[in-house]
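S.K.: Below, each chain spelled out in residue letters.
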Amino acid sequence: MTELIQLFFIFAKIGFFTIGGGMAMIPLIQQELVSRGLMSLEQAIDMVAISQMTPGPFAVNCATFSGMQLFGIPGALIATLGVVLPSFVICLLVSKWFFAYRSSPIILSILAGIKPIVLALVLSGLVSIGSASLFPGAVPASIDIPVLAIAAVVSFLLIYKKASPVILVLLSGVFGTIFLR
Amino acid sequence: MKNINSAGIKLLLKIFWSTFKMGLVTFGGGLAMISVIHSEFSEKNELVSSEEISDITAVAQSLPGVIAVNSSVMVAYRIGGNSAAILAGIGAILPSVIVLCLVTVFYNFFVDSPYVRGFLRGVSGAVIALFISTLHKLYRKNLADKYAVIFFIIAAALIFIFPSLNVVFLIIGGAAAGFVLYYLVLKKWNSIND
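Each protein sequence line maps, in turn, to chains L and Z. With positions in the first sequence counted from 1, the corresponding number in the working numbering is that position plus 4. With positions in the second sequence counted from 1, the corresponding number in the working numbering is that position plus 9.
Pulled out of the complex, with its shape left as it was, chain L reads as follows (with noise of 0.2 Å):
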């Protein structure tokens, strides 16, 4: 039970630290659970791994396979509760405050000082995945052509046909299941 608890709190810390993304945390994420022993560090890596490879938000995966691990069903409950509590708790006292003012003066020069900075974010990241996932080889001139294909493909989905982007990721696995293992 007091594993729990501290499970809980060690979640809550990083679901409350994490700003900017999950994957700037696995720092904090593999030092919490490594040095409190409560994972070893390959356990601490293989769930870093898997936490990329399934869906959803980083930390939250993190959250529920380590809990899952190490305490089963009840542990990734408990674990993925506190990683997601701070966000709960800040997003709805922000947006009480944040839809009331949301048209006032200085929220909105606020606004348009970060927007542009989220733009940029949005840039380094599409920079960051184009490049691992096109370049996945050592040699960099070797590009990954079906991955390009279905990037140019969706894209244009996308942008000019406003197709869901829900079902073209999914497709795009499906696709990728079938015809890139």
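In case anyone wonders, no lab produced these hints; they're calculated from the structure. By construction, the Cβ of each residue, glycine as well, lies at the ideal position given by its N, Cα and C atoms. Check each hint, because a few of them may be wrong.
Some, not all, of what chain Z presents toward chain L, calculated at C-beta under 8 Å [unchecked claim]: (1) Gly17; (2) Leu20; (3) Gly38; (4) Pro73; (5) Met83; (6) Thr113; (7) Arg126; (8) Ser142.
Once you've looked at the hints, dock chain Z against the given chain L.
M.R.: Same frame as chain L, but now just chain Z:
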């Protein structure tokens, strides 16, 4: 959401289902999901204006917590208040919980499976496309004037020069610069968000 009637319940279920689908295809981090949020909540259902979604995702990105959950909670709050927000957050993480519980059991099959590898290779192409369509959706809204373009170039340059730079500093910097420039110096904030 004081009177929960059948229309209210229908709306709640719709919100839950949208965020559940989003959780199911969240690969490549919360930023890749901006495009999905636009599609589910603005283009398909017109529950929230695309302008508002672009504001909400900017705020969700700036707050502590899991970005995909933050965005889901805030968009749903805008539509249906607290109950919608909580349902949306649960919807966004439920696929994770189900998939991860299964994967932990079938760990060895999962890690070594060529099918899983093929699936992820296919998905990675679609994730690149999600980023491209997000850029396409946001660039006009988020680069509203020449100052925004300068902010964007500075932020992009900083990210590429210092890859380990903490995102928090960039966002706080952008917020501070926006406040000083638009509120204090230019005294012009209405046109930029119209």
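S.K.: Taking 8 Å as the limit, does the beta-carbon of Pro73/Z come near enough to a beta-carbon in chain L?
M.R.: It holds, given that the least Cβ distance between Pro73/Z and chain L is near 5 Å, below 8 Å.
S.K.: With 8 Å as the cut and Cβ atoms as the points, is Gly17/Z at the interface with chain L?
M.R.: violated, 18 Å
S.K.: Would the hint on Arg126/Z stand, with a C-beta cut-off of 8 Å toward chain L?
M.R.: Holds - the Cβ of Arg126/Z comes within 8 Å of chain L, reaching about 7 Å at its closest.
S.K.: Are Leu20/Z and chain L close enough, Cβ to Cβ, to be under 8 Å, as the hint says?
M.R.: violated, 17 Å
S.K.: Using 8 Å as the Cβ threshold, decide whether Thr113/Z counts as touching chain L.
M.R.: Holds. Min distance 4 Å.
S.K.: Under 8 Å is the threshold here; is the Cβ of Ser142/Z close enough to any Cβ of chain L for the hint to stand?
M.R.: holds, 4 Å
S.K.: Classify the hint on Met83/Z as holds or violated, based on whether any CB of chain L lies nearer than 8 Å to its CB.
M.R.: Status holds, d = 5 Å.
S.K.: Identify whether the interface hint at Gly38/Z stands, where standing means a beta carbon of chain L within less than 8 Å of its own.
M.R.: Status holds, d = 5 Å.
Going through the hint list in order, the structure does not satisfy hints 1 and 2.
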